[in-house]
Amino acid sequence: MNYGLHIMIVLCIYMMLATSLNLIAGTLGVISIAHAAFYAIGAYTTALLRTQGDASLVAVLVMSIITAGVAGMALAIPAIRLRNLYFLIGTLAFQILIQNLAMNWTPVTGGAIGISGITPGSVFGWRPDAPTEFLLLALAVLLGTTFIVYLLTNSPAGRTLRAMREDELYSASRGKNIGRYKIQAFSIACAIAGLAGSLHAQYTSFITPTGFTVMESVFILSMVVLGGRGSVWGALLGAAVLVLIPESLRFLGFPTAIAAELRMLLYGLALVACMLWRPQGLIGEYAFGREAKQK
Amino acid sequence: MTSLASAQSLSKHFNGVVALADFSCTVSENEILGLLGPNGAGKTTLFNVLTGLLAPDSGAADFKGNALTGRTVHKIANLGIARTFQNLRLIRRITVLENVLLCFKNQPGENLINVFFRPGLCKRHEAGIREKAEVLLGTAALLEKSNDLADNLSYGQQKLLSLVCCLAADAELLLLDEPVAGIAPEMAERILAIIADLPNLGKSAIVIEHDIDALKGIAHRMIFMDAGRKICEGAPDEVLNDPRVIEAYLD
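Going line by line, the protein sequences match chains H and F. Position 4 of the first sequence, counting from 1, maps to 4 under our numbering, and the rest follow consecutively. Position 113 of the second sequence, counting from 1, maps to 113 under our numbering, and the rest follow consecutively.
Chain H with its partners taken away, still in its complex shape (with noise of 0.2 Å):
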């Protein structure tokens, strides 16, 4: 039953990844493929804090989103001035940076080996060590955050954000102030980022650079092309989707060898799916690209 859990904590990570990306490639509009990288940075803060002291759960996760979010705001206020392509080239170059700092700086991150014997912390005395006490904590954590999303989609902040994802110009000449708003939204994505990297780095005691490279952050903007731009749900369905049906593979029979070829083929397939009969994503408002071609 161990299994069962394990992907479920692994799920609710993704979906925390997923609805955070999406509300940057949704209802931001923008397309970011650095979310891996906030989701590190929350990683390796947490790892530090857990294995140089005896930080609290709460302070673990306090830290982690603080560093994400900081981070995120770091790379949104010089990079928000970047439109389309060249947005995503600027996150890439983030992406990287922060790929190479985790392998090559060694004294602070143990470079390529990485950082393990990471406990999970405590808070009022329980600690989260037991595969069902984490999915609780998991769990609890997804939900907090999904809410989050969604309570800010669904405000007049979300509703702005929507117009300016259809025309920045107009929504301007509104009075709406779109560096503001932008670089709000974008950093408490990376934010929530951070807190799915607290959690994975405590679930499973080590982490290593290889978790969180580009193509880290191209699996979790799959998510949200395949379940759906600027829905939560969608993101949610997206994640499941992903996540689920290479697992599935184990039970179809398929070594492991193989299987994990097949995992690539198979979001290969998803995507190029996707792009023909639903540009939309399965639950999606809208297709990616759309908007652009309009006028």
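Incorrect hints may have been included.
As the list claims (entries may be wrong) - Partial list, computed: chain H residues near chain F (C-beta under 8 Å):
#, residue
1, 51
2, 54
3, 122
4, 151
5, 155
6, 156
7, 159
8, 163
9, 170
10, 173
11, 175
12, 250
13, 253
14, 259
15, 261
16, 263
Said to hold, decoys possible - Some chain F residues flagged as far from chain H (calculated, every beta-carbon gap over 10 Å):
#, residue
17, 8
18, 11
19, 18
20, 55
21, 101
22, 103
23, 157
24, 158
25, 186
26, 210
27, 231
Hints in this document: simulated from the structure, not taken from any laboratory. Cβ coordinates follow ideal geometry from the N, Cα and C atoms, glycine included.
We have chain H; now place chain F onto it with these hints.
Same frame as chain H, now just chain F:
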């Protein structure tokens, strides 16, 4: 009459093409100023300079004592200037009602701290502006369309909606770029009636329009411009009987 906004010696060139040349004008409180001129006369450029979309090469503009030049687009909008666009801009993939709600100023729910920590305040304010939006849509006879996507409205209804959005913004100065061009007569009537009523609401407007009859009916004063310069200015009858204006429109 007290002056609400004015432009002083505005100039703007695009690679040698003169869009505005030493252009000055004033609009008073509760006044509707008609702006006439052939294509390329610089009328829309004037709007773009006043709303901060373009920086003038020289000259200055102010609104209620605040300098407009050098201020960002959203700050100018928040001073109380709202505009419509010649090529009709709206947010097409949200509903008609949401388009109107979007335009209200100072919404507590647009501040994320309020969204998360003062949801009650946001909800109350949202209910309040929703009521106002419905009244505005009602007077424009668009109420039954409130839940349609803005994209699904007819061209005339979209133009009407963009005017309603300016009213929702509660701007004191409306810059209307061809509000009735290319739409059915009965819709044009409705739009013109709303514009003519603006002074009663304490608002002023500068209206660009090629339909001279429509403009004559609503404008208190007119300016005729060509090649970025003001050719003549005065009461509608004076301007429309000016030989230079007759010549330009007969050509």
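How the hints compare with the structure:
1. At its closest, the beta carbon of residue 51 (chain H) sits 32 Å from a beta carbon of chain F; the interface hint therefore is violated under the 8 Å criterion.
2. With a least beta-carbon distance of about 30 Å to chain F, the hint placing residue 54 (chain H) at the interface is violated under the 8 Å criterion.
3. With a cut of 8 Å, the hint placing residue 122 (chain H) at the interface with chain F is violated, because the nearest CB-to-CB distance is about 27 Å.
4. Against a cut-off of 8 Å between C-beta atoms, the interface hint on residue 151 (chain H) holds, since the closest Cβ of chain F lies about 6 Å away.
5. Against a cut-off of 8 Å between C-beta atoms, the interface hint on residue 155 (chain H) holds, since the closest Cβ of chain F lies about 4 Å away.
6. For residue 156 (chain H), the shortest C-beta to C-beta distance to chain F is roughly 3 Å, which falls under 8 Å, so the interface hint holds.
7. Given the 8 Å rule on beta carbons, the hint for residue 159 (chain H) holds: about 6 Å separates it from the nearest Cβ of chain F.
8. At a threshold of 8 Å, the smallest CB-CB gap from residue 163 (chain H) to chain F is about 5 Å, leaving the interface hint in force.
9. For residue 170 (chain H), the suggested interface contact is upheld, since its CB lies about 4 Å from the closest CB of chain F, less than 8 Å.
10. For the restraint placing residue 173 (chain H) at the interface with chain F, the shortest Cβ-Cβ distance is roughly 6 Å, inside the 8 Å limit, so the hint holds.
11. The closest approach between the C-beta of residue 175 (chain H) and any C-beta of chain F is roughly 4 Å, which is under the 8 Å cut-off, so the hint is satisfied.
12. Because the smallest distance between the Cβ of residue 250 (chain H) and any Cβ of chain F comes to about 41 Å, over 8 Å, the interface hint for this residue is violated.
13. Interface restraint check: residue 253 (chain H) against chain F, minimum CB-CB distance 46 Å, threshold 8 Å, status violated.
14. A distance limit of 8 Å between C-beta atoms decides the matter here; for residue 259 (chain H) the minimum to chain F is near 40 Å, and the interface restraint is violated.
15. Among the interface hints, the one on residue 261 (chain H) is violated; its C-beta lies about 40 Å from the nearest C-beta in chain F, farther than the 8 Å criterion.
16. Taken as an interface hint, residue 263 (chain H) does not check out: its beta carbon lies about 35 Å from the nearest beta carbon of chain F, beyond 8 Å.
17. With a cut of 10 Å on Cβ distances, residue 8 (chain F) stays outside the contact zone with chain H, its closest approach being about 23 Å.
18. Here residue 11 (chain F) stays apart from chain H, with its beta-carbon at least about 23 Å from theirs, past the 10 Å limit.
19. Listed as a non-interface residue, residue 18 (chain F) keeps its Cβ farther than 10 Å from every Cβ of chain H; the least gap is roughly 24 Å.
20. Against the 10 Å criterion, residue 55 (chain F) stays outside the reach of chain H, whose nearest CB is about 15 Å from its own CB.
21. Some Cβ of chain H comes within 10 Å of the Cβ of residue 101 (chain F); the nearest lies about 7 Å off, and the non-interface call is violated.
22. Once the 10 Å rule is applied to beta carbons, residue 103 (chain F) is inconsistent with being away from chain H; the minimum gap is 5 Å.
23. At roughly 17 Å, the least C-beta separation between residue 157 (chain F) and chain H is larger than 10 Å, which holds for a residue marked as non-interface.
24. At roughly 13 Å, the least C-beta separation between residue 158 (chain F) and chain H is larger than 10 Å, which holds for a residue marked as non-interface.
25. With a least beta-carbon separation of about 27 Å from chain H, residue 186 (chain F) lies farther than 10 Å from that chain, consistent with its non-interface assignment.
26. No Cβ of chain H comes within 10 Å of the Cβ of residue 210 (chain F); the nearest lies about 22 Å off, and the non-interface call holds.
27. Against chain H, the non-interface label of residue 231 (chain F) holds: every CB pair exceeds 10 Å, the least being about 28 Å.
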